[in-house]
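Chain residues, written in single-letter form:
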Amino acid sequence: MPHAEAAAPLLSLRDLSVAIRGRGLLHDVSLDIAAGEVVALTGESGSGKSLTALATMGLLPTRAQISGTLRFAGQDLLPLAEPQRAALRGRHMSMIFQEPMTALNPLQTIGQQIAEVCAIHRAPPPDLAALLDRVGLDLPPSRYPHELSGGQRQRVVIAMAVALRPKLIIADEPTTALDVTTQSQILTLLKDLTRQHGSALMMITHDLAVVADMADRIVVMNKGHVVETAPTATLLAAPQHAYTQSLLAASAHRTKLPPRAVGSRLLAARDVTITYPAARRLLRGPAPVPAVQKVSFDIRKGERLGLVGESGCGKSTLARALLGLQPLAEGEITLDGAAINTRAARQRIQVVFQDPYGSFNPRHRVRRLLAEPLHLLDHRPSRRDVDASIARALTDVGLSPDDAEKHIHAFSGGQRQRLAIARALVISPELIVLDEAVSALDVRVRAKVLDLLADLSAKRGLAWLFISHDLSVVRSVTDRVLVMDKGQIVEDAATQALFDRPAHPVTRRLLAAAPRGV
Amino acid sequence: MWFYLARRLLSLGVSLIAASAVIFLVVEIAPGDPAAYMLGINAQPETLAALRTELSLDLPAPARYWHWITGMLGGDFGTSYTYRTPVADMVADRLTVSLPLAVMALVLAVAVALPAGLFAASRRGKPGDVAVMGAAQLGVAVPNFWFAMLLVLGFAITWRIFPSGGFPGWDQPLQALRALTLPTIALALPQAAILARVLRSSLIDALHEDYIRTARAKGLTPGQALRRHGLRNALIPVLTLMGLQFSFLLAGAIIIEQVFYLPGLGRLIFQSISQRDLITVESVTMLLVFAVIVVNFLTDVAYAVADPRLRRQGRRA
Numbered sequence: 014m015p016h017a018e019a020a021a022p023l024l025s026l027r028d029l030s031v032a033i034r035g036r037g038l039l040h041d042v043s044l045d046i047a048a049g050e051v052v053a054l055t056g057e058s059g060s061g062k063s064l065t066a067l068a069t070m071g072l073l074p075t076r077a078q079i080s081g082t083l084r085f086a087g088q089d090l091l092p093l094a095e096p097q098r099a100a101l102r103g104r105h106m107s108m109i110f111q112e113p114m115t116a117l118n119p120l121q122t123i124g125q126q127i128a129e130v131c132a133i134h135r136a137p138p139p140d141l142a143a144l145l146d147r148v149g150l151d152l153p154p155s156r157y158p159h160e161l162s163g164g165q166r167q168r169v170v171i172a173m174a175v176a177l178r179p180k181l182i183i184a185d186e187p188t189t190a191l192d193v194t195t196q197s198q199i200l201t202l203l204k205d206l207t208r209q210h211g212s213a214l215m216m217i218t219h220d221l222a223v224v225a226d227m228a229d230r231i232v233v234m235n236k237g238h239v240v241e242t243a244p245t246a247t248l249l250a251a252p253q254h255a256y257t258q259s260l261l262a263a264s265a266h267r268t269k270l271p272p273r274a275v276g277s278r279l280l281a282a283r284d285v286t287i288t289y290p291a292a293r294r295l296l297r298g299p300a301p302v303p304a305v306q307k308v309s310f311d312i313r314k315g316e317r318l319g320l321v322g323e324s325g326c327g328k329s330t331l332a333r334a335l336l337g338l339q340p341l342a343e344g345e346i347t348l349d350g351a352a353i354n355t356r357a358a359r360q361r362i363q364v365v366f367q368d369p370y371g372s373f374n375p376r377h378r379v380r381r382l383l384a385e386p387l388h389l390l391d392h393r394p395s396r397r398d399v400d401a402s403i404a405r406a407l408t409d410v411g412l413s414p415d416d417a418e419k420h421i422h423a424f425s426g427g428q429r430q431r432l433a434i435a436r437a438l439v440i441s442p443e444l445i446v447l448d449e450a451v452s453a454l455d456v457r458v459r460a461k462v463l464d465l466l467a468d469l470s471a472k473r474g475l476a477w478l479f480i481s482h483d484l485s486v487v488r489s490v491t492d493r494v495l496v497m498d499k500g501q502i503v504e505d506a507a508t509q510a511l512f513d514r515p516a517h518p519v520t521r522r523l524l525a526a527a528p529r530g531v
Numbered sequence: 026m027w028f029y030l031a032r033r034l035l036s037l038g039v040s041l042i043a044a045s046a047v048i049f050l051v052v053e054i055a056p057g058d059p060a061a062y063m064l065g066i067n068a069q070p071e072t073l074a075a076l077r078t079e080l081s082l083d084l085p086a087p088a089r090y091w092h093w094i095t096g097m098l099g100g101d102f103g104t105s106y107t108y109r110t111p112v113a114d115m116v117a118d119r120l121t122v123s124l125p126l127a128v129m130a131l132v133l134a135v136a137v138a139l140p141a142g143l144f145a146a147s148r149r150g151k152p153g154d155v156a157v158m159g160a161a162q163l164g165v166a167v168p169n170f171w172f173a174m175l176l177v178l179g180f181a182i183t184w185r186i187f188p189s190g191g192f193p194g195w196d197q198p199l200q201a202l203r204a205l206t207l208p209t210i211a212l213a214l215p216q217a218a219i220l221a222r223v224l225r226s227s228l229i230d231a232l233h234e235d236y237i238r239t240a241r242a243k244g245l246t247p248g249q250a251l252r253r254h255g256l257r258n259a260l261i262p263v264l265t266l267m268g269l270q271f272s273f274l275l276a277g278a279i280i281i282e283q284v285f286y287l288p289g290l291g292r293l294i295f296q297s298i299s300q301r302d303l304i305t306v307e308s309v310t311m312l313l314v315f316a317v318i319v320v321n322f323l324t325d326v327a328y329a330v331a332d333p334r335l336r337r338q339g340r341r342a
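Protein chains in written order, with the numbering used here: chain A, 14 to 531; chain X, 26 to 342.
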């Protein structure tokens, strides 16, 4: 009865629950996806969105206990044995993952890996050239993954996912690891391919702006529950559930910076050039590739400076140089006229990195972690002074002085990023380098951390260099923005002016690519 | 690729020169005069001097080093002080036992370890894994000479399927193979146990890689993903281990050779040391060092073949 089948949803989850080692992770999740429909699954980290996707694909760890029903194209999937689930994967439902850098087997060519999808399902071998062309890759199939950029690798993963034109494609944060320009290209590609093939798309993202203009419906998840499901326009305009409302409020949140109060010149970079040795060949000598070329700029006391650019443009290398972690091939960086890599300079510049998980030693207590920069001081402070500085730094970032005796695993990702900021603040620096410091955080946590920065600017007159690929965040927390491209600063303008009247083509490209749904 | 290989070749050459110098020096420092040893305590001083001249022992050390090195390059390993036969001939003779033994033992070790490691890794934590890894633990712990004696007791004395020792020579290939069977097993099993453990843990690491999840999303079952994508990635550390094991098997078989009374290289070294046959010790040691270094080079080449990233980068990541 083709008619009845057309009416039934392609994918239907009813009361799906998943527990691992007795711990409930998904609770009674119900959702439908119709053929050809684009549905976004959103929520903060740990909300169960990826788990829902893995359960649908049949890729949960073997020790996971799953209950409820999972129907796909009229078939009940949960009773099926692994070989039957495997026969569906790649052919009728496929998945694209978050981290393209590690998603491909490093020992096989991209062509072999794409062709395997067809081989494993006993389909005729694909026209690799046509398939690569369809995902916008102008590369021979004989390339290995390590020869490709992150965006290119994600296109290969997409090629594998669409090779057999499956009815359902699941994309789990497919662009989170990519820069804005690449992100918008990949989203467009996914949108076009699913439309051409008539596939349904389950799009998992923590960033509502990414899906606002492509999803038909949005499913909001929190702590393993579905809290709200509604058509995109309805949900964005009139969210019903309190959690959805708080998510939207946090996404739309604009940090209020205190008025610009800029003092004398703090840091000066002049003609900074940084080179990496090129891959060595047998006969030719190494020709150095400049990662940063003749870059000059100032940061004034209390100034809030942004640095944006596509990945590989040299912004992180430049940040490392400001911290004295990267030798300069040419030029100089000075702090109040003195060299940057002295102990005196180091106590005036601190840094917060992107990953709040990897940057703390798990065996030390918070007190010891935060006291670490204090050895930069000329006079070793007394224990009482140390305690006082730590208590003040913890209070400043909205944590409690009692937290000093805890270990790092007691804190969530957002709290850890606050601790990273507290560690940077503990010796009262004048400048903080924030290298993608809020990129890994959920929207609500991110809003709080940004407000905290604004507060510190008001209280301490802190200056910062805010490096990010997220232009909306840069816009809300900076006075001035540098745009980098291919190792050079191509535009240097006041934030408002840059966003209103971007002068350089690269700036315009970045602005055009930025998602601005919400 | 070529840059990588050229670098490896260069390091091979440097290692060989350094090793030869060290070997020569150590033997030089070792006490005892081979000529005196050969003639016994009652030798006349004139006879002794004559023999020393004949053996070139009266030349200064650098000259003797040069003589030794250039001789070896031309295939002349010197003449044994004890047996008065060319060392090269003795070595060649012993190699007909040691080389097949080492190769067979390694092949057997891999043949056992590969399925065992795959089996255990694909059933991680289940009874099959526990059983295989328990057996491997035992294989690592049990000394191989004891295991060899068990084999002799079982297969040579009780059931009389294989000979308990000795080597008839390759004129009788079937008998020769039979003579080498028990030593091969005794040598291979402990190595197989180590290999299987390393392969299992390497495979389990590989199973957590994102590309395995991608493979399963393409429609591969866990077993297929393990064999098609996990195995080759997991083999890279195993290759390193195999290189080390082959070197060990070539020279380190001395105890097994002793148990089975086989005329192999290990026993040749042992005899030469106890008889102060220094030139034989030097040359055989150098030969073994050469073998180890060449095997390491081949391992590096195998790396480059296995891992496309090395071909481009020119250095190990």
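Don't read these hints as lab results, they were simulated from the structure. What you are looking at is a predicted structure, and each value in this text was computed from that prediction instead of being measured. Backbone N, C-alpha and C define an ideal beta-carbon position, used for all residues, glycine too. Check each hint, because a few of them may be wrong.
Stated by the list, open to error - Chain A stretches covered by chain X per the calculated footprint, using a threshold of three residues with CB under 8 Å from any CB of chain X: (1) 102 to 110; (2) 199 to 209.
Said to hold, decoys possible - So, partial list: chain X residues that the calculated Cβ filter (under 10 Å) puts toward chain A: (3) Arg33; (4) Pro168; (5) Gly244.
Cross-check of the supplied hints:
1. Against chain X, the stretch 102 to 110 of chain A contributes 6 residues with a C-beta closer than 8 Å to a partner C-beta. That satisfies the three-residue criterion, and the hint holds.
2. Counting residues of the stretch 199 to 209 of chain A whose beta-carbon sits less than 8 Å from any beta-carbon of chain X gives 0, not enough to reach three: the coverage restraint is violated.
3. The interface hint given for Arg33/X is violated, since its Cβ lies 12 Å from the closest Cβ of chain A, which is over the 10 Å cut-off.
4. Of the supplied interface hints, the one on Pro168/X is violated, with its beta-carbon coming no nearer than about 38 Å to a beta-carbon of chain A, more than 10 Å.
5. The beta carbon of Gly244/X comes within 3 Å of a beta carbon in chain A, closer than 10 Å, and the hint placing it at the interface holds.
Hints 2, 3 and 4, counting from the list given before, are not met by this structure.
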